[in-house]
Structure formats: C-alpha cells, structure tokens
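Sequence positions in the sequence shown follow my numbering and run 11 to 717.
Because the hints were derived from the structure by calculation, they are not lab data.
We put the beta carbon where it would ideally sit given N, CA and C, even for glycine.
Heads up, a few of these hints could be off.
Stated by the list, open to error - Taking lysine to aspartate or glutamate and the EDC-like style, the derived pairs with C-alpha atoms no more than 16 Å apart in a straight line are:
id, residue 1, residue 2
1, 601, 128
2, 490, 597
3, 717, 386
4, 489, 317
5, 49, 190
What the hints assert, rightly or not - What follows is a list of derived Cβ distance ranges for each label pair:
id, residue 1, residue 2, range
6, 327, 282, 26 to 36 Å
7, 83, 116, 36 to 46 Å
8, 253, 387, 38 to 48 Å
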Amino acid sequence: MRKTILLTASLLGWISANAELSQVNFFDNNYTQEWGRLKLVGNQLSSESGKPIQLKGWSTFSINYDEVVNCLKQDGFNAMKMWGANIVRLACYAENNKGTYGEYQDNAIRKYIKMASDLNMYVLLDWHILEGDGGNGDPNKYLNEAKGFFERNCAWVKENGFTNVLYEICNEPKGLSWNELKEYSNQILPIIEKADPGAMVVIPTPQWDQNPQEAANAPINKSLYDLGLLYSTHVYTCTHMGDVVPRMVSAAAAIPIFVSEWGAVRFDGDGNLCTNEADQFLSRMQPGGNNGNQLISWCYWAWGEKDETSNSIKNCSQPYTLDNLRPSGEYIVKILGGEPWCCLPDTSVPYAIQEIPMLGENYGTLNVGWFERGEDGIAYHDNNSSAYVDPETKVEIKTGEEAKGTEAECCNMGAIYSGKEDLTKCFRFDDCVDVSHSTAGLGANWAAPGDGFGTMGSDLHNLCMTEAGEWMLFDIDVKKAGYYTVHCLTNSGTSSAGSIGMSIAQGKKPGQNGNIIRSWADRDNPLAEPWGSFQLSPTLKCGLYPDGTQDENGAANGDPTKPHTCWGWTACGGVDANDLTVLFKYEGRQKLLLFITPDGTKTPGDFSNFMFTFKSAEIPDFELLDGVEAYAADMTAVAIYPNPAENDFTVTTDGAANVSIFNTAGTKVYNQNVEGDVVVNNNFPAGIYSVRVSNSKGVKTMKLVVK
C-alpha cells in the first residue's frame, strides 16, 4: 500500500510540473520557462517550484567530429525538440588529435548551448573521456584541461544568464575506484561551484559509469557544495540488463540517478536492437520501477551520422523526416513522442532568433519571414479582407501521394498568387501571413544563396498584401544596446500612405516594453514623443544597395515599369533615413512586434526587410547604466496589474500623469489625465495593447495583454 501511495504522489507531481506542456506539438513547449532552474528535492530532480520532472533527449557524438557537426545546425536542434526531446547532451571529446578543448573550441560549445536554449531546452555539457581512441579511461590524464574547460564555460554560462545548463564532469572512467573518482570530483566541483553556483552536476561512477551502487554506499558530502549532485549510469540494453540495471535500481534508494547515456544496442553501439529489453529498462526509470521511486532523466546514444546501429539519423544533409531515421531513431522517437507522425519538423519553415547587430558586423537585418511559430493571435495576426480573398480560389495542397487530388482553401494569399501548383513549395504556406520567398535579388536571382546582408534574395522574404491591424512577432537578440538607423528593402509599388510600426512587445526587465522608434533629432530628449510608426518610401531605382549606390546591372535586377519587380534599399520614414532611429535600451533576447497601421484605406503594400545600421558611436554622450539610458528618469513605480488582465486593470502612475492606451493598429483607445493610480474598466477586446504613462519624471510604455 505504501508503495502505491509513493507512486501516485510522484506521478501527480510530474503531471503538475507538466501542466502547461503539450504532449502533441512538442515544438511549442517552453520547458525552461515551465520548469525554471532545476534543483533536487530529496533525491528527485525537480523543477524550480519543486515538482518532479524528467529530462529526455539525445546525446551527441563528439561535437567536433565530422559525423555530428553536420547534425548540429538549427534544423537538427529543431528536429530533436519536435520529436520530443527537452535536453541535449553535448559530448565534448578530450581524445585523439581532435584536441583537449581550448578556448578556440569554446565558441562551438557556446553556439550549441545558445541554439538549444533558444528552443527552451536543457543542455548537459559532457567532458567526454574514453578508454580507446587515444585515451586510457583515466580522467586524471586530462585533469588540468578539465579544470580549464569548466572554469571557462561555467563562467560563460553564468555571465550570459543561462540557467538551463547541467554539467557532466567525466564520461565513462575506467580502472579507478570510487574513492579515486571522489578525489577527482572534489577537484572539479569547487571550480563549477565558484563559476555557476546552484548548478546540477552529474558525477561519474566506477566501471564506465556502470556501478552507481558503490557511489550509493559512500556518496560525496553534498553539504560541501552549493550544487545539485546526481550520479551517472550508462546502460546498453542488449548487454546490461542483468548487472548494471539492478545496480541502478538499488542505488536509486540512496542517491539521485541520471542516465546520461543509454542505447537499445550492445555496449559497443552496434548489433541488433533489443527493444523489448529497452522497454523494460525504461520502466525502471519511472516511479515504482526503482527502489527510490525516482523519475529518472536520460539521454539516448546517439545523435549523429556515425555508421552504428545506435545512431538515430541516416544523413543530416537531408531533411529531418521519418525516412531519414535509422531503426534506432524510429524506436526512440516513438518513445519520446508516442506517435509523433503528425508533428515532424518542417525544414521549409525557418524560425530564427535574429541578431542585431549580426555577429562581427555593425548592422543587422530583420528577416520578415522568420516570425515566430504559433497560431493567428499568438505569433501573428493576418486579415484577409475582400481585397485579398477570392472565395472561388482553391488550391491543391500536395502532402504525399496518398493526398493527391485533395483540395483545401489556403489563407496565405502570398502562396496562392505564387503561381505554384504545389503550395508545399511555398514559404510557410500553411500560415495565414502573406509571406513568400523574395525575388528582391541584387546581383543574383532568388535561387542563389544569400549572405544575410540583402545583396542576394534567397535569404529574404516578401511580406505582401498588408492590411491595417496585422502584426507579426519576432524573436531578436540585441547584442549591443544603442541607436540604429533604419533602411528598408521595398519595391517601386510600395505605398507611402500606410505605415509600419515596431515596438518591444516582451522584454526581460521592467520598462523594457513599448515603442522604440524615435526621431534622430530628438534622440537626446527623454521626454520626446516616441514615434509609433513610420511610412515606407517606394524605391525610385532598381538595384539600390543599402548605402544608396546602384547595382552595376541596374535595371537588370528589376523593371521600373513593373513595380513589383523593381526592388532596392531605400530610406524608411522619409527621404533622410537618418531622421528615423530605433533605440534598443537593453541587450539580450526580446520580442519585437511589427504592426501595420492604415492611412485611410491604404496600406504599405509589399516589402521585404528592414536593415539596422549601428549609430551609437556617433553619440559621444550616449551611455547605458545597467541597460537604462543615463538620462532616463526612475519610472520603476509605474506599472500595470494584473497583467494579463481579463476585465479591469490598474495603472500605477507615481503621481499626476497622462495615461494613453493604443491597440496594435496604433489607434488610441484610451486617454486620460489622472492624479494618481487609475482603474481602467473599458472592457477592451482580447489582444495586445501598449500603455503609455507620461509624468513629471518621464515617459514609460508597457505591454498589456487582455485575455
């Protein structure tokens, strides 16, 4: 009876920890936000709020080996998450001539940590030593290198605000007793604690991580460290069901277990799959399946192209589809996601965290096609008025031979008017946003590879048929705060009557939300009216580069008599682009809201991209204090609650102030002069609003979500 009670309590806790996580469309799950920084509750790995959680995902082959590098691009990480993974183990090999990891290799590690973190996944950073391949299985052979590795990378993780990284301090030691492994661990743990206190650390156990029972008999004194200590177990189900698994089941009564590597094959990674044994092993990692009633986390070996039975992928240069899975991959994808055949990653639908400025450059481009994933009302809002809806238009959407001949209406008018018979060849054809591949090539056609700068068209996308009230949400990473001038890539058919607006829709710090567009002339005036939107100027010449010069081929890159073919970079907001600036007050990840505003019945029409040119060096007096402009007044007392709101909400004003509220179309829906805090009960329709409070100290704009 007591065992039943423990099992029920653990499972209920796990269900509670996953209350907001989809078990169908894994890509939309925000694991790191839902679970926060992990901790141990007793011997159970748990969320920040104390609920039991289970990390599940893949371990890579060495991240600096050819057979895995190709598999660790953005589409590879997308595929892992879409197939149900919430963690990736990055195996950093110390062996062979690939080198003991130095600072020049840290960049790869950090790139992969960032890519996984951008997908809200957890990361296990593994210092991977081996018995073979030039090594003898003794971690002390690389002790100094290990110390440097964790000193550098743990500090980087902490400094950059990543709270989703766990550390494995040694992979599969050989020939060392448990006491010797404790001595090794006690040399590495203080380094991690100093650099990243509170982190979760996976401790090696004897015999290639196959004997956690010895560690359970005399565990490391956890009170010595401000760290969470888990103990590694490695299992290959064709080989280890009779010895290693019973040790793990027993050890779980005394220590937290983390299965940082396992496979449904032999210990050498090859041979036939042993899926029946693997199913039994998986049951042992559930509450009631081990003596500690633990929900045990695991990483499956392996993610890469290596020619072994254990490997999951055939060819990482090909799209991540079921046809590209090896039998081992087919098995583990079913385990991770049940029957995830409905939710394979669509590699034709890129989604990127866009850097401003781009790495190593002084500019950044906002690719309008890379808006966030999600439904209408979450990632975007699109209108299809009578001007852009043809009720007779139906197109054949081919998704396979079995679907041939079926018809479906498509809300993406950009796709419908693309002239393609097969809409699956259109960019994001199943989203309602009227976006398509751009033909705005300057010096090359749309099929040529792009360089991110806009000099070629294949990496750009065209947003067309824009209408008032439409908006799109972008995920951006501001690498350097400051002022940027704005250029736009438009065509000669663009209307200057309608307007485009940009605002920070979601930031990490108080006061980070709100309008960010300003007049250059008023850049040093904290009380100046922010610009809510700007007009686009149609390009007058084809083939204009961002600096205003013309491509040597000139009109060969477009026909001035055919407005939609004549593209070029032009000033945003007027003839002199220097009079329009964007101010990013904060560095780091932010949500950028792009919205369309009307002028009468006209809207901007077609455009591709914005380009931001860094300008802060031209402002000698410009400086940031903890991310806030030096001249900005203290507006921390100005706030909104509750937010999100369902009906009434309160705006705290810090004294006499003007309160104005704008919808995403830029229309002012509320304006009131108040003497103090005000309760607003206007029953606004559900949506996103900007609330602007102006008082004697300055101006603050905040995002309000009305449910």
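Now for the hints, and whether the structure bears them out:
Between residue 601 and residue 128 the alpha-carbon distance is near 13 Å, which keeps this suggested pair within the 16 Å criterion. Taking the CA atoms of residue 490 and residue 597, the gap is near 6 Å; set against the 16 Å cutoff, the hint holds. For the hint pairing residue 717 with residue 386, the CA-to-CA distance comes to about 15 Å; that is within 16 Å, so the pair holds. Our distance criterion of 16 Å between C-alpha atoms is broken by residue 489 and residue 317, whose separation comes to about 39 Å.
Among the hinted pairs, residue 49 with residue 190 is inconsistent with the structure: their alpha-carbon atoms are about 26 Å apart, more than 16 Å. At about 27 Å, the CB distance of residue 327 to residue 282 agrees with the hint of 26 to 36 Å. A C-beta distance of roughly 19 Å is found between residue 83 and residue 116, which places it outside the suggested range of 36 to 46 Å. Judged by the Cβ atoms, the range 38 to 48 Å given for residue 253 and residue 387 is violated: they are separated by roughly 54 Å.
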